[in-house]
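Student: Hey, can you work out the whole structure from these sequences and the hints?
For the sequence shown, the UniProt record's numbering assigns the number 1 to the initial residue and increments by one for each residue that follows.
In short, the hints are calculated from the structure, not lab data. All C-beta atoms in this analysis are idealised placements derived from N, C-alpha and C, irrespective of residue type, glycine included. Treat the hints with care, since some could be wrong.
Stated by the list, open to error - Calculated cross-link-like contacts (lysine to any residue; reagent style SDA-like; alpha-carbon spacing at most 20 Å): (1) Lys105 to Arg78; (2) Lys105 to Ala76; (3) Lys100 to Glu69; (4) Lys100 to Asp84; (5) Lys105 to Asp50.
What the hints assert, rightly or not - Per label pair, the in silico range of CB-to-CB distance: (6) Gly85 to Ala14: 33 to 41 Å; (7) Glu88 to Val38: 18 to 26 Å; (8) Glu97 to Asp50: 21 to 29 Å; (9) Gly40 to Asp84: 13 to 21 Å; (10) Arg31 to Thr110: 17 to 25 Å; (11) Arg104 to Asp50: 16 to 24 Å; (12) Gln107 to Asp13: 16 to 24 Å; (13) Ser6 to Asp72: 16 to 24 Å; (14) Glu60 to Gly40: 32 to 40 Å.
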Amino acid sequence: MTEDPSVLSSLPDAPLTRDAIDSLGDADAVRHASPVLVRGPGGPDGPNEDHAEDVLFATEDRIWYLSLEPEDGWSAEREATYADGEFEDALEEIRLEASKHAERKYQAETEFEIG
1 MTEDPSVLSS LPDAPLTRDA IDSLGDADAV RHASPVLVRG PGGPDGPNED HAEDVLFATE
61 DRIWYLSLEP EDGWSAEREA TYADGEFEDA LEEIRLEASK HAERKYQAET EFEIG
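Tutor: The following block contains the structure:
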């Protein structure tokens, strides 16, 4: 079972801009914060600047893949712990999985908008 990171309660029910993601990464307990798939400005729910609905977030011993679902808000889709010296490998593994999920989500949303 995925243990939700405490950051979830501080996230808005909206996509995160690059500045918001950078701010997450600046927190003391945060080792890493980065977007999985950057979307361009606008869209039905997006801000008028580049933004992300899928984010990787890591502390000193754990990595989360966070995803924004329109009806449910932010949730932790995947979580992994890592030992010393394993951070880069663990991050890359979750990034690959998160990229596939984010791309499928984006394609489904785009098909719905076009269709």
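Student: Against each hint, give a clear statement of whether it holds in the structure.
Tutor: Against the structure, the hints:
For a cut-off of 20 Å, the pair hint linking Lys105 to Arg78 stands: about 15 Å separates their Cα positions. Distance restraint check for Lys105 and Ala76: the Cα-Cα separation of roughly 15 Å lies within the 20 Å cut-off, and the hinted pair is therefore satisfied. At roughly 16 Å between alpha-carbon atoms, Lys100 and Glu69 fall within 20 Å of each other, so this suggested pair holds. With a C-alpha separation of about 27 Å, the suggested pairing of Lys100 with Asp84 is violated against the 20 Å cut-off.
The hinted pair formed by Lys105 and Asp50 meets the criterion: a straight-line CA distance of about 17 Å does not exceed 20 Å. At roughly 36 Å, the beta-carbon separation of Gly85 and Ala14 lies within the given 33 to 41 Å, and the hint holds. Checked against the given bound of 18 to 26 Å, the beta carbons of Glu88 and Val38, roughly 21 Å apart, stay inside it. The given range of 21 to 29 Å is respected by Glu97 and Asp50, whose C-beta atoms sit roughly 23 Å from each other.
Between Gly40 and Asp84 the beta carbons are some 38 Å apart, a value that contradicts the proposed interval 13 to 21 Å. Our hint of 17 to 25 Å for Arg31 and Thr110 is violated, since their Cβ atoms are close to 33 Å apart. Checked against the hint of 16 to 24 Å, the pair Arg104 and Asp50 passes, with Cβ atoms roughly 20 Å apart. Here the CB-CB span from Gln107 to Asp13 is close to 23 Å, well matched to the stated 16 to 24 Å.
Restraint check, Ser6 to Asp72: a C-beta distance of roughly 18 Å satisfies the suggested window 16 to 24 Å. Distance hint check: the CB atoms of Glu60 and Gly40 are about 33 Å apart, consistent with the given range 32 to 40 Å.
Of the numbered hints listed earlier, those contradicted by the structure are 4, 9, 10.
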